[in-house]
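Participant: As they're listed, the protein sequences go chains A and B. For what it's worth, our numbering labels the leading residue of the first sequence as 67, then goes sequentially. For what it's worth, our numbering labels the leading residue of the second sequence as 2, then goes sequentially.
Simulated from the structure, these hints should not be mistaken for lab results. Keep in mind it's a predicted model, so treat the numbers as computed, not measured. Everything hinted at is true.
Now the stretches of chain A that chain B is said to cover, found in silico as 3 or more residues with beta-carbon under 8 angstroms: (1) 256–267; (2) 371–384.
Using 27 angstroms as the maximum straight-line C-alpha spacing, the simulated DSS-like pairs for lysine-lysine come out as follows: (3) K227/B to K250/A; (4) K174/A to K205/A; (5) K87/B to K460/A; (6) K172/A to K460/A; (7) K193/A to K87/B; (8) K87/B to K250/A; (9) K96/B to K460/A; (10) K216/A to K87/B.
Every beta carbon over 10 angstroms from chain B, so not counted as near; a handful from chain A, in silico: (11) C100; (12) D107; (13) E109; (14) S167; (15) N171; (16) K193; (17) G201; (18) G207; (19) A233; (20) K298; (21) E302; (22) D328; (23) R422.
Every residue gets a Cβ at the ideal spot worked out from N, C-alpha and C, and that includes glycine.
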Amino acid sequence: MKLLVKGGTLPEYGRADMLVEDGVISRIEGNIECEGAQVVDAEGLYVMPGMVDLHCHLRDPGQEYKEDIVSGTRAAAAGGFTSVCCMANTTPVNDNAVVTSFIINKAKAEGSGVHVYPVGAVSKGLKGENMAEIGDMAKAGAVAISDDGKPVMNALLMRLAMEYGSAFGMTVFDHCEDSNLVNKGVMNEGYNSTLLGLRGTTRAAEEVQIARDIVLSETLNLPIHICHVSTKGGVELIRQAKKRGVKITAETAPHYLVGTDDLCASYDANTKVNPPMRLASDQEALIAGLCDGTIDAIATDHAPHHRDEKEVEYNMALSGISGFETAFALCVETLVHGHHMTMEDFVKVACTNPARIIKKNCGQLKPGMDADFILADPNEEWCIDARKFLSKGKNTPFHGRLVHGRVKETYVGGARIYKD
Amino acid sequence: MAFKHKDLLSLRDVEREEIEMILSTAASMRPLLESPTKKTAHLQGKSIVTLFYENSTRTRMSFELASKYMSAAAANISASASSVAKGETLIDTGKTLDRMGTDVIIIRHPMSGAPHLLAQHVNAAVINAGDGVNEHPTQALLDMFTIKRHKGHLDGLRVAIIGDVNHSRVARSNIFGLHTMGAEVALCAPPTLMPVQMEELGVKTYTRVEEAVEGADVVMGLRIQKERQEEGNFPSLREYSAFFGINEENLRYAKPDALVMHPGPMNRGVEITSDVADSEQSVINEQVTSGVAVRMALLYLLTRKGV
Ligand SMILES: [Zn+2]
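Model the full assembly from the supplied sequences, consistent with the hints where possible.
Facilitator: Here's what the structure looks like:
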């Protein structure tokens, strides 16, 4: 089975053809002719690795009314993702190999074809008390551990999980928020929270926890990954740690690059997300962090919710944004059209770096890599319409926004799994 | 000129002319409250519902009497705060009231922004009677009405607001309203009960009551709730009272004819001493009367539209 992608523009190669044989990239050259190969016309399109999402919520098992593995992986494919890591806060919690295997098997049997890599829980039941069966979950296919949704507040548990997990190559992905400092906050603490009378969460809640994780990582000489960095101070802490050689990696999410707490003025609960959207100065710092390598990756934190959980009072609404199907456009719009980076740089933070963090053979287009790739038009103009999402979660604060950059086709292992 | 808004959710976007219209309409309503037959036909044929998710006898009664004095059909729904999470959704409740022909829904809710959510989903006019720690616009209007009655104007006055600003919808609405009307606002609270970046709203903030009330034309106390101590915002009510309460000593720093106000209900001896609350300068009881007048005015203005 041969597939010839002709006439596209590829990162590093420029205008080139790409030949795929048996699901693996075999050649990339200026002009390839290959008899018998199925030809994909990529004229005028950008051919790039499928995006790798280190952080999403597929809600399956247990919360299928919000999303399930079928709808979630279809949405991921439409968003240009070929690998996604799903967090453990399902029902039951993914804190044991049975749940890990269920997710992997269901994704293989019923999913869109996107690779689904579960992230196991750090603690049993996400309770923050006793360590989950990390070894078992690693053996079953989990790629990391996280209590995401909640921080690991107990520093000793954090230390033990980092140490124990290292035996299985499992890094903790930490949702950094000191829950005491969060103190029931529902948006960023600042001028807008004061103006709107909504309870604010201080940025210190996030930064205190990042600082603690850095100290643990540095002391133990073990890797740590910081989820969804949202503050300028967080970026600076990580930058300094990296300079000292701390084994730290970090991600941020598209909504932190695009949205600020100004969006909360409508009291629309679709703007509620954890950590909250901050200020323009934080956006600038996050973008600078992505550009200089402080922030390794963009991860969606795709968090689908049912509309019943959003069409309520702001305090009562659940936190999270449905992010798969807007990530590419929001990032390309902000980062590339905003002249902060090239498409090649974007590929590094969206594909190459996250693939490296979970140690998978993807995230780059070169011979020998899995043929997980997408065709995209970085300039196509379209209007975000949540009603058209393949995800069950229509919760986005970006509904109605005009953007540039659209995913046209998605391939996993050389097989097309999505076409616009 | 008619009142521009469908609803009254916040004083942030209400213009000076509109506030003046409400206050002057209230002034024309007030004599009725002292007359032997408290009845007008202003709201004949209108139906008004108070939808309260928090206990507040005072505010609910004030709205209810305002409606009844003007011949409206008034009904009230008292839901417990716990029913917010367990019961029917706010949107569904609103749609139900709409279908029953309600002209005005007056909502008190423990969560900020709830009236805004309701207003987006109903045809009825919505009045915010207090949402979370956000706003309580009719309280600010009645406060301004009371001040104006005594001082003749609001422009250039210095109003000191003392107490738990962080959890006070009264303070927030007063800040917005008083600024629009040209008054200056000084706030005093323990730093743990002062919202961040408050000065960017154009107020001055203090941690010493004497400094806040210095030269003030109005000194307004805010209610402190016991649970704020339990949350760790200050060590004891005794200490709170000593440093942040209004008493005869610190009131001396205000102008001699300064008005003393409190939205009620008061914790006597905590945020305000009885000597001050019952003094000649106090207009605390009068605020209650103003409340009915202002609410009558507002109901009239909101229902008059579209007729
Ligand atoms: Zn998280």
